[in-house]
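As a plain string of letters, each chain reads:
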Amino acid sequence: MLKILKYSFYDLMRSRWSYVYFAFYLLLGAVLLFLNTDLSKAVITLMNVIIVLVPLIGTIFGVMYYYNSKEFTELLLAQPLKRSSIFLGQYLGVALSLSMSLILGLGIPFIFYGLFKSNAIWDFSLLLITGTFLTFIFTVLAFNIALSNENKIKGFGYAILLWLFLAVIYDGLFLMSLILFEDYPLDKLSLFGSMFNPIDLSRILILLKLDISALLGYTGAVFKKFFGTNFGLIVSIIMLTLWVILPVLRIVSKSKKKDF
Amino acid sequence: MVAIENLHKKFNKNVVLSGIDLTINDGGIFAVLGPNGSGKTTLIKSILGMVIANKGNIYVLGKSIKHNSAYRNKIDYLPQIANFPSNLKVKELIKMIKDLRGNTLKDKDLISLFKLEPFLNKKLGNLSGGTKQKVNIVLTFMFDSPLIILDEPTTGLDPISLIRLKELIQAEKAKGKTILITSHIMSFVEEVSDEIVFILEGKIYFKGNINELKKKTSQSDFEHAIASILMDNHA
Chain H
249 MLKILKYSFY DLMRSRWSYV YFAFYLLLGA VLLFLNTDLS KAVITLMNVI
299 IVLVPLIGTI FGVMYYYNSK EFTELLLAQP LKRSSIFLGQ YLGVALSLSM
349 SLILGLGIPF IFYGLFKSNA IWDFSLLLIT GTFLTFIFTV LAFNIALSNE
399 NKIKGFGYAI LLWLFLAVIY DGLFLMSLIL FEDYPLDKLS LFGSMFNPID
449 LSRILILLKL DISALLGYTG AVFKKFFGTN FGLIVSIIML TLWVILPVLR
499 IVSKSKKKDF
Chain V
53 MVAIENLHKK FNKNVVLSGI DLTINDGGIF AVLGPNGSGK TTLIKSILGM
103 VIANKGNIYV LGKSIKHNSA YRNKIDYLPQ IANFPSNLKV KELIKMIKDL
153 RGNTLKDKDL ISLFKLEPFL NKKLGNLSGG TKQKVNIVLT FMFDSPLIIL
203 DEPTTGLDPI SLIRLKELIQ AEKAKGKTIL ITSHIMSFVE EVSDEIVFIL
253 EGKIYFKGNI NELKKKTSQS DFEHAIASIL MDNHA
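One line per chain: the protein sequences are H and V, in this order. Per this note's numbering, residue 249 is the first one in the first sequence, and the count goes up by one each step. Per this note's numbering, residue 53 is the first one in the second sequence, and the count goes up by one each step.
Take the hints with a grain of salt, since some may be wrong.
What the hints assert, rightly or not - Here are the in silico distance ranges between beta carbons for each label pair:
1. H:485 x V:196: 43 to 53 Å
2. H:250 x V:177: 23 to 33 Å
3. V:267 x H:322: 33 to 43 Å
4. H:328 x V:173: 23 to 33 Å
5. V:177 x H:430: 55 to 65 Å
6. V:196 x H:508: 22 to 32 Å
7. V:70 x H:377: 49 to 59 Å
For the record, the hints were derived by calculation from the structure and aren't laboratory data. Predicted, not measured: the structure shown is a model, and the values here were computed from it. Every residue, glycine too, gets a C-beta built ideally from N, C-alpha and C.
The shape of chain H in the complex, shown without the other chains:
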C-alpha cells in the first residue's frame, strides 16, 4: 500500500492543481492577516471558508483523481497487489496531498505573523485538524461515489450533490424542522442531527473551542449545554473519525467485488 501511496502522492505533487490549491490558501491566509489585526478573528473567518471550501475541493479532487487514474488502476490490478491496498493507497495519496496543501498554505503565513508567540495557536491548530478531517472525509466519500458509478458524469453529479446537501441543504432542512416542530422539545433531535453531518460537526467543534456563543447557533448551544465543552470536543472528534473509518471500510469491501 505504501508504494501505491507514494506514487499517487508524487503524481499529485506534480499536478498543477495542488499548487493552485496551495497558493490559494497562502493568499487567503496572508490577506486575512493583513486585513485583520486580531488573530482569533482571522481564525473565525478562516473557519467559515474552510468549512465550505475544503469539502468541495476534497469531493471534486477525489472523484476526478479516481476517474483520471483508471488506467493506472487497471495496470496495478494485473500486478501482484491486493485490491484494498491499491485503492487505499490512492485514497491516502489524494487525501494527504490535499491536507498538505491546506496545512502548509495556511500555516506559512501564520508562522510569519508570529503564531508561536500568540494565544491563538491552539485555536489555529484545531482549525487545521478539522480541515484535515474534512479533507479525509470528503475524499473518502468521493472515492465511494466514484467506485459505485462507472459513469463519470453521474459520479461527478452525485459527488456535487452530496457536497451541496451536507454544506447547504442539510442546514436548511434542519432549521425548517426546528421551526415546524417548535412546540416540542428538540434538543436531542438537533444533537442527533448534527452528528450526521461532518460539516456541522466541524463547525461545532471549532466554535466550542473558540467559545463564541454568538456564533454557536441553536445546534451549537444545545450541544454545549448537553455535553459541556470538553466532552463535546471528544464526542465530535470520535464522530469525525467514524466518518472516515466507515467509508474506508466500504471502499475495501466494494473494491473486492468490483469488475474491471
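Knowing the structure of chain H, use the given hints to seat chain V on it.
The following block gives chain V in isolation, referenced to the frame of chain H:
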C-alpha cells in the same frame, strides 16, 4: 497451469460466460478465439482476478485464485488497450513496475529490441498507439513468469515489430512457458499457436489443434474454418 471449472459471469443481465470448463497444460501456445463480444477478454480478466466470477473456480498453478493476489506474480499480462497514466514518462513507468514487482535486467534488451530508446523520456500520453503497444510489450516480457497472457498483442504494430514479437513469443515458448493469446488476426494465430479454444456465446465450442478444427468444419483453410463456425451459428 490453469484450470477453470464451471465459470459463470454476467454483467447485469448480460450473460457473458456460461459454464466454461477449461484446462490449460504447462508449456505451449494457447489461442483463445471467438467473435466480438464472445467473452474472451472476460475469460482472461477472470484468470487475472480483475473480473470476479459469479460462479465457478479458477486455479492457477494448482492454487485457487479466490482471495489471493500473490499468484499474479507468476503471470505476465499484456492488456488489450494500452492505457497508461498519461503524465508519466516511459522510463518512470518501467521503473515503477519494477519497483512493484521486483527488479529485472531484461528491460534493457527489450527496449533496444523494439528501438524504444528515443521515447524513454517522453510522456506516455504523447506516444502513438503502436509505440504504446511496444512499451506494453516491454512491460509484459521483462519479467520471467511461467504464464504469459497476451490480449490482442498485434494491435498497432508495424511489420518489423510484429516479426520481433513473434520471435519473442517463440523464445519464451522454448523456455517451457505457457502462453495464452487472444487475437483477431487469424494468420497470426495459425502461425504461432499450438492449440486453440473457440468460445461462442459464453461456452467453449471447440478445443483442439488447428488440423482438428479444419477436419471438423471440413474446410482446408483455417480462416474459412473459423468463418464457417460463425456462419453456421449465426445463420
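Hint-by-hint comparison with the structure:
1. H:485 x V:196: 43 to 53 Å: For residue 485 (chain H) and residue 196 (chain V) the Cβ distance comes to about 51 Å; the hint holds.
2. H:250 x V:177: 23 to 33 Å: About 26 Å separates the Cβ atoms of residue 250 (chain H) and residue 177 (chain V), which means 23 to 33 Å holds.
3. V:267 x H:322: 33 to 43 Å: holds, 40 Å
4. H:328 x V:173: 23 to 33 Å: holds, 28 Å
5. V:177 x H:430: 55 to 65 Å: holds, 59 Å
6. V:196 x H:508: 22 to 32 Å: holds, 26 Å
7. V:70 x H:377: 49 to 59 Å: Since the Cβ atoms of residue 70 (chain V) and residue 377 (chain H) sit about 54 Å apart, the hinted range of 49 to 59 Å holds.
The structure is consistent with each of the numbered hints, conforming to all of them.
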